[in-house]
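J.: Protein chains in written order, with the working numbering: chain A, 1 to 374; chain B, 1 to 288.
There may be inaccurate statements among the hints.
[Said to hold, decoys possible] Which chain A residues face chain B? A few, computed with CB under 7 Å, are given here: (1) Phe118; (2) Val205; (3) Glu206; (4) Ile208; (5) Ile212; (6) Arg331; (7) Phe345; (8) Gly360.
[Stated by the list, open to error] Take a look, some chain A residues computed to stay more than 12 Å from chain B by CB distance: (9) Ile57; (10) Asn103; (11) Lys105; (12) Cys218; (13) Val286; (14) Pro342; (15) Leu346.
These are computed hints drawn from the structure, not numbers from a lab. Glycine is no exception: its CB is placed at the ideal position from the N, C-alpha and C atoms.
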Amino acid sequence: MFEKFITSTGFAHLQFGNLLMFAVGLFFIWAAIHKKWEPLLLLPIGFGILAGNIPSIPGFLLGVNDEGSVFYYLYFGVRTGIYPPLIFLGIGAMTDFASLLSNPKLLLLGAAAQIGIFITFAGAMAVGIFTVKEAGAIAIIGGADGPTAIFLSSMLAPNLLGPIAIAAYSYMALVPLIQPPIIRLLTTQEERRIRMKEPRAVGKVERIMFPIFGFLLCCLIAPGAISLLGMLFFGNLLREAVVTERLAETARTSLVDIVTILIGFCVGASASADVFLQVKSLGIFVMGALAFSLATAGGVIFAKIMNLIAREKVNPIIGAAGVSAVPDSARVAHHVGLHEDPANFLLMHAMGPNVAGVLGSAIAAGILWSLIGT
Amino acid sequence: MGWETLLLGMMGMGGVFSGLTLLTLSLVGLRKTVSWMGLDEDGRGREEEPAPSPAPAPASPAPAPDAPAAPPIESTAATAGFSGPWRLASGTLAGPGAADWIRPAFRAAFRPPTEAAASGAETAMRVNGRDFAVRFLSLKGSIARMRVNGKDILVDLEDLPEGAALTAAPLPAAPPPAAAPTPAAPPPAPSKASAPKPPPPKPSAPAAAPPAAADGHLPVAAPIPGVVKTVNVKEGEAVKKDQVLFILEAMKMENEISSPAAGRMKEVRVQARDGVKQGQVLGRVTPE
Numbered sequence: 001m002f003e004k005f006i007t008s009t010g011f012a013h014l015q016f017g018n019l020l021m022f023a024v025g026l027f028f029i030w031a032a033i034h035k036k037w038e039p040l041l042l043l044p045i046g047f048g049i050l051a052g053n054i055p056s057i058p059g060f061l062l063g064v065n066d067e068g069s070v071f072y073y074l075y076f077g078v079r080t081g082i083y084p085p086l087i088f089l090g091i092g093a094m095t096d097f098a099s100l101l102s103n104p105k106l107l108l109l110g111a112a113a114q115i116g117i118f119i120t121f122a123g124a125m126a127v128g129i130f131t132v133k134e135a136g137a138i139a140i141i142g143g144a145d146g147p148t149a150i151f152l153s154s155m156l157a158p159n160l161l162g163p164i165a166i167a168a169y170s171y172m173a174l175v176p177l178i179q180p181p182i183i184r185l186l187t188t189q190e191e192r193r194i195r196m197k198e199p200r201a202v203g204k205v206e207r208i209m210f211p212i213f214g215f216l217l218c219c220l221i222a223p224g225a226i227s228l229l230g231m232l233f234f235g236n237l238l239r240e241a242v243v244t245e246r247l248a249e250t251a252r253t254s255l256v257d258i259v260t261i262l263i264g265f266c267v268g269a270s271a272s273a274d275v276f277l278q279v280k281s282l283g284i285f286v287m288g289a290l291a292f293s294l295a296t297a298g299g300v301i302f303a304k305i306m307n308l309i310a311r312e313k314v315n316p317i318i319g320a321a322g323v324s325a326v327p328d329s330a331r332v333a334h335h336v337g338l339h340e341d342p343a344n345f346l347l348m349h350a351m352g353p354n355v356a357g358v359l360g361s362a363i364a365a366g367i368l369w370s371l372i373g374t
Numbered sequence: 001m002g003w004e005t006l007l008l009g010m011m012g013m014g015g016v017f018s019g020l021t022l023l024t025l026s027l028v029g030l031r032k033t034v035s036w037m038g039l040d041e042d043g044r045g046r047e048e049e050p051a052p053s054p055a056p057a058p059a060s061p062a063p064a065p066d067a068p069a070a071p072p073i074e075s076t077a078a079t080a081g082f083s084g085p086w087r088l089a090s091g092t093l094a095g096p097g098a099a100d101w102i103r104p105a106f107r108a109a110f111r112p113p114t115e116a117a118a119s120g121a122e123t124a125m126r127v128n129g130r131d132f133a134v135r136f137l138s139l140k141g142s143i144a145r146m147r148v149n150g151k152d153i154l155v156d157l158e159d160l161p162e163g164a165a166l167t168a169a170p171l172p173a174a175p176p177p178a179a180a181p182t183p184a185a186p187p188p189a190p191s192k193a194s195a196p197k198p199p200p201p202k203p204s205a206p207a208a209a210p211p212a213a214a215d216g217h218l219p220v221a222a223p224i225p226g227v228v229k230t231v232n233v234k235e236g237e238a239v240k241k242d243q244v245l246f247i248l249e250a251m252k253m254e255n256e257i258s259s260p261a262a263g264r265m266k267e268v269r270v271q272a273r274d275g276v277k278q279g280q281v282l283g284r285v286t287p288e
């Protein structure tokens with residue numbers, strides 16, 4: 001009887017891997033609470049990791065992959081790619097695209113930063129341990145956008161979803177550490193001191209037209225991006241239309257919070273030791289760091305190229321904000337700028353490439369999906 | 001596999017680039033169309049929107065000495081309690097897209113808002129040979145509703161950086177061109193403005209320092225939209241140069257707004273937790 005009780009506890013089935021994952025989960029929780037690194041994401045993920053590593057006991061359905069368990073159904077939204085578009089709806093309702101509308105050429109910075117995705121894709125293929133689909137899913141980490149990464153990996157490589165999502169969110173939390181050295185390396189002090197023209201006021205008509213035409217255009221180019229970008233632009237239209245302020249308010253607060261809780265927890269819970277602790281995960285983390293650095297460099301270098309021809313100079317620091325990671329990378333750009341010139345406020349300028357990066361990585365995801373997903 | 005991978009990557013990158021380039025072009029087109037159709041006359045967006053106005057903003061840190069002096073605007077504003085002539089930096093004022101320049105021009109002319117301005121009297125203005133009938137309808141806070149040639153426009157009188165070249169102080173006489181803050185005429189269409197640089201958020205550049213303050217007070221403007229977290233000074237208090245006057249919170253970041261010069265706090269216009277727009281004047285410093 002006593003023996004039966006012992007075998008029915010988790011302790012009897014605990015493996016070294018589970019303990020290791022407990023440590024990872026605790027680290028995430030610590031980083032969220034103590035370091036305040038993206039607490040809204042890292043805390044749910046951290047606790048999810050703890051929950052996902054309680055060893056399963058024969059006869060019980062517990063894990064995210066055991067059909068019939070509660071987690072299985074919560075994870076349904078991740079597995080089928082439902083949650084990320086809902087988050088995008090909220091992001092759309094939150095985002096003010098005015099800085100982009102006022103200076104549309106900043107969109108190109110958001111495109112340039114996606115080069116990290118495609119170089120990493122080639123790199124991941126070169127490593128040789130990943131299939132094409134896996135490489136595509138890993139490369140999207142360079143898009144620096146959690147929901148996009150989750151969406152694409154749930155479509156292309158569901159087996160790697162846990163490590164990919166965790167790598168993506170970890171690097172997003174580390175943006176303030178990763179980006180500044182790269183920016184400084186690639187720019188001169190003089191360039192970092194460039195002051196940009198104040199963004200112009202953007203009228204209501206433009207604000208309303210943008211989500212409608214932006215949606216049509218982006219989704220005609222990359223139909224695969226329709227679920228992400230469709231929701232993003234829809235959310236933005238709710239916001240800009242003003243008459244639907246109630247819906248926009250819900251989308252950007254309650255809805256996005258609920259989905260963030262679910263997605264964070266589920267992604268964490270999917271990172272059980274047997275999935276997470278493998279050589280491929282290590283590869284994912286290495287490739288992810290590469291993707292992030294290349295994306296940052298791509299944005300900065302492209303801003304410098306633009307300066308060769310453009311009349312109005314662009315401060316190349318804001319190129320780094322082209323890797324989405326909204327709004328962290330814009331904040332990083334702002335801080336790097338302030339460090340050089342305490343009166344140079346780059347925040348609003350950096351928001352342009354920043355939101356362009358979201359569009360860029362969602363389009364990239366759509367293209368990757370349609371190119372290699374079928 | 002290698003070539004195929006590279007090809008895939010290049011196709012993807014090309015797709016992203018062409019997509020966003022198209023989007024860029026269509027945004028530019030959209031803007032042109034909207035301003036051509038005049039749809040944005042009233043498109044001041046919402047209250048919380050940062051409402052910088054590129055046209056009048058360039059306080060021209062270093063106005064070129066040979067910058068063409070702005071065409072003076074003759075105003076027969078006797079009824080409104082104004083006496084002209086008014087000096088405006090509005091460049092070429094003719095042509096379509098009237099909103100591009102009407103707003104800045106009148107914003108400049110009727111600043112600071114006075115009771116007379118809000119009294120509803122009609123003012124005739126002549127700008128580069130064109131006549132305008134301007135009538136103030138209401139003044140709510142700093143937002144003035146005016147009827148210009150029968151068309152209502154909203155003008156935020158706070159938008160103008162104070163002490164900028166556009167101060168609408170009546171000219172005493174014909175001042176020597178160098179003495180007055182020579183307005184470097186901004187280009188006709190703000191959308192094409194090639195103004196060298198934005199005005200410094202704080203008048204830290206020497207050129208924007210005391211001489212630019214027409215009334216002797218230096219404005220402290222919000223460089224970015226946000227919420228005032230703390231106000232560290234009181235009116236009348238002595239301040240040092242670069243002393244932190246306000247903490248402005250934007251996107252969960254705290255930004256220090258410091259004093260442009262040593263002097264005394266002439267006024268403080270905001271309180272903690274006030275939402276402010278870009279360029280909004282938070283307070284003024286009298287340099288000593």
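J.: Against the structure, test the hints numbered earlier, and report the numbers of the ones violated in rising order.
T.: 4, 5, 10, 11, 12, 14, 15
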